[in-house]
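Given chain Y, put chain S in place with the hints provided.
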Amino acid sequence: MITEEIKSVNDYYIASIKVDEDTALKYWKKVHKNFDDFFAVVIANNAHSEMLALGEYVSDKWDSIPDVSVQQAFEEKNIEVRRLFFKAIGVSDLFKELEPKLIDKQILEKEGVSWVDVEEVAVTMRDEYELYEIQGSKLFPEEKNEWRVKNATIYAVRCWCSTTGREYWIYVPKNIGEKNDALEAIAWTVQLDITEPEYIYRQGDVVLAKHSSISQGCRPYHLNKEQYVKLLKAES
Amino acid sequence: MIDNYTDGWVSTTKLQLTPGGEPQKHIMNSNKPFGYKKKTDQSIDLIVKNPVTITHDEHAKMVLEPGTYSKTNQMEFDPFTNTVSYIFD
Numbered sequence: 001m002i003t004e005e006i007k008s009v010n011d012y013y014i015a016s017i018k019v020d021e022d023t024a025l026k027y028w029k030k031v032h033k034n035f036d037d038f039f040a041v042v043i044a045n046n047a048h049s050e051m052l053a054l055g056e057y058v059s060d061k062w063d064s065i066p067d068v069s070v071q072q073a074f075e076e077k078n079i080e081v082r083r084l085f086f087k088a089i090g091v092s093d094l095f096k097e098l099e100p101k102l103i104d105k106q107i108l109e110k111e112g113v114s115w116v117d118v119e120e121v122a123v124t125m126r127d128e129y130e131l132y133e134i135q136g137s138k139l140f141p142e143e144k145n146e147w148r149v150k151n152a153t154i155y156a157v158r159c160w161c162s163t164t165g166r167e168y169w170i171y172v173p174k175n176i177g178e179k180n181d182a183l184e185a186i187a188w189t190v191q192l193d194i195t196e197p198e199y200i201y202r203q204g205d206v207v208l209a210k211h212s213s214i215s216q217g218c219r220p221y222h223l224n225k226e227q228y229v230k231l232l233k234a235e236s
Numbered sequence: 237m238i239d240n241y242t243d244g245w246v247s248t249t250k251l252q253l254t255p256g257g258e259p260q261k262h263i264m265n266s267n268k269p270f271g272y273k274k275k276t277d278q279s280i281d282l283i284v285k286n287p288v289t290i291t292h293d294e295h296a297k298m299v300l301e302p303g304t305y306s307k308t309n310q311m312e313f314d315p316f317t318n319t320v321s322y323i324f325d
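Protein sequence lines correspond, in order, to chains Y and S. For the first sequence, this note's numbering assigns the number 1 to the initial residue and increments by one for each residue that follows. For the second sequence, this note's numbering assigns the number 237 to the initial residue and increments by one for each residue that follows.
The shape of chain S in the complex, shown without the other chains:
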């Protein structure tokens, strides 16, 4: 599915996991392609066939082993508008 670039899936070797274009934020990197499909700005599905690192200027590196993942962001409540939204650090 990923190899054929169908159904909204894209193949890449580098992906920023948060919107906004800040280059130091949560970058997925791999020598070999992995697949991703953006559901919303905050919600991305990932298919990893080879280990992928996730780096950030302020947080320790993480490594994703092969598998399927769903990426999201933590959420916060706003008690003054009674709304729920995503957190971005």
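For reference, chain Y alone in the conformation it holds in the complex:
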């Protein structure tokens, strides 16, 4: 068990940011769905005696650790800690609460395939993609440095599962968001390591790329809009 004396001087490093114990506990509680998940990810993979002691200590406190809301994240004066809280809150809740700006919306409609038993049948796929932006000045209003404010702007693409209708939000890099193209954004989320694929299937987050007769292994690359539209043949 960690003693109060040791605990009082403990700092933690999360995503290379030094934080105090209260911040670390709030972050872990927000990021992990329960204590077992926290233990599996944070403790078990680094299970020397001090980490096991930390796990035991956090176990005792877990139920009493307060939740972190978007509002509480904004009340955090330390910008690095606020970034950690934004990270922990997650893209869906952050974009739902902060009234992001819709910068592009596109519908992809194309012929694809589905299956009845193992028989392939032709279907028309129809997907809607929306690209949103939250300005850095909204996330870090006290920041005076123009470059930092500009670079703090975040982008996410919103899409829906074609089987369940469930909504998903996926962050994309700034250089992709700045293209103002929702299809470019969703295309970026697919990274392949073969040349000349024949087509891709997507089942949830799993992507399968069929090799063509001339495909070769290559350095991983993100798809662009034209490649994504051309290659997507089935999704569920």
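The set of hints was computed from the structure by calculation and includes no laboratory data. Treat the numbers as computed from the prediction; the structure is a model and nothing was measured. Among the hints, erroneous ones may be present.
[As the list claims (entries may be wrong)] To give an idea of the chain Y side of the interface with chain S (calculated C-beta under 10 Å), a few residues: (1) L25; (2) D117; (3) P173; (4) Q191; (5) D205.
Cβ coordinates follow ideal geometry from the N, Cα and C atoms, glycine included.
For chain S alone, coordinates are given in the frame of chain Y:
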């Protein structure tokens, strides 16, 4: 190559495509063996000689026709750490 189990290739009739041991997730199934080679947890090469189904509790079934495939996961960016990682649903 697959039949000889060489060069990291394994022959099987059932394969979970995502790590973590959640049995409802993206399961490849076939009556006849197919070959796979894990490159990383998220990246797997597949050689399919007979149709293979991929099932999931929440997503509609898919069928792979014979051929060679590369499996990966969608990716996401983290704007607060400037990192890119795989998505798992």
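Hint check:
1. L25: With a minimum Cβ separation of about 19 Å from chain S (threshold 10 Å), the hint on Y/L25 is violated.
2. D117: 9 Å, holds
3. P173: Nearest chain S Cβ about 5 Å off; hint holds.
4. Q191: 5 Å, holds
5. D205: Holds: closest Cβ of chain S sits about 4 Å from Y/D205, inside 10 Å.
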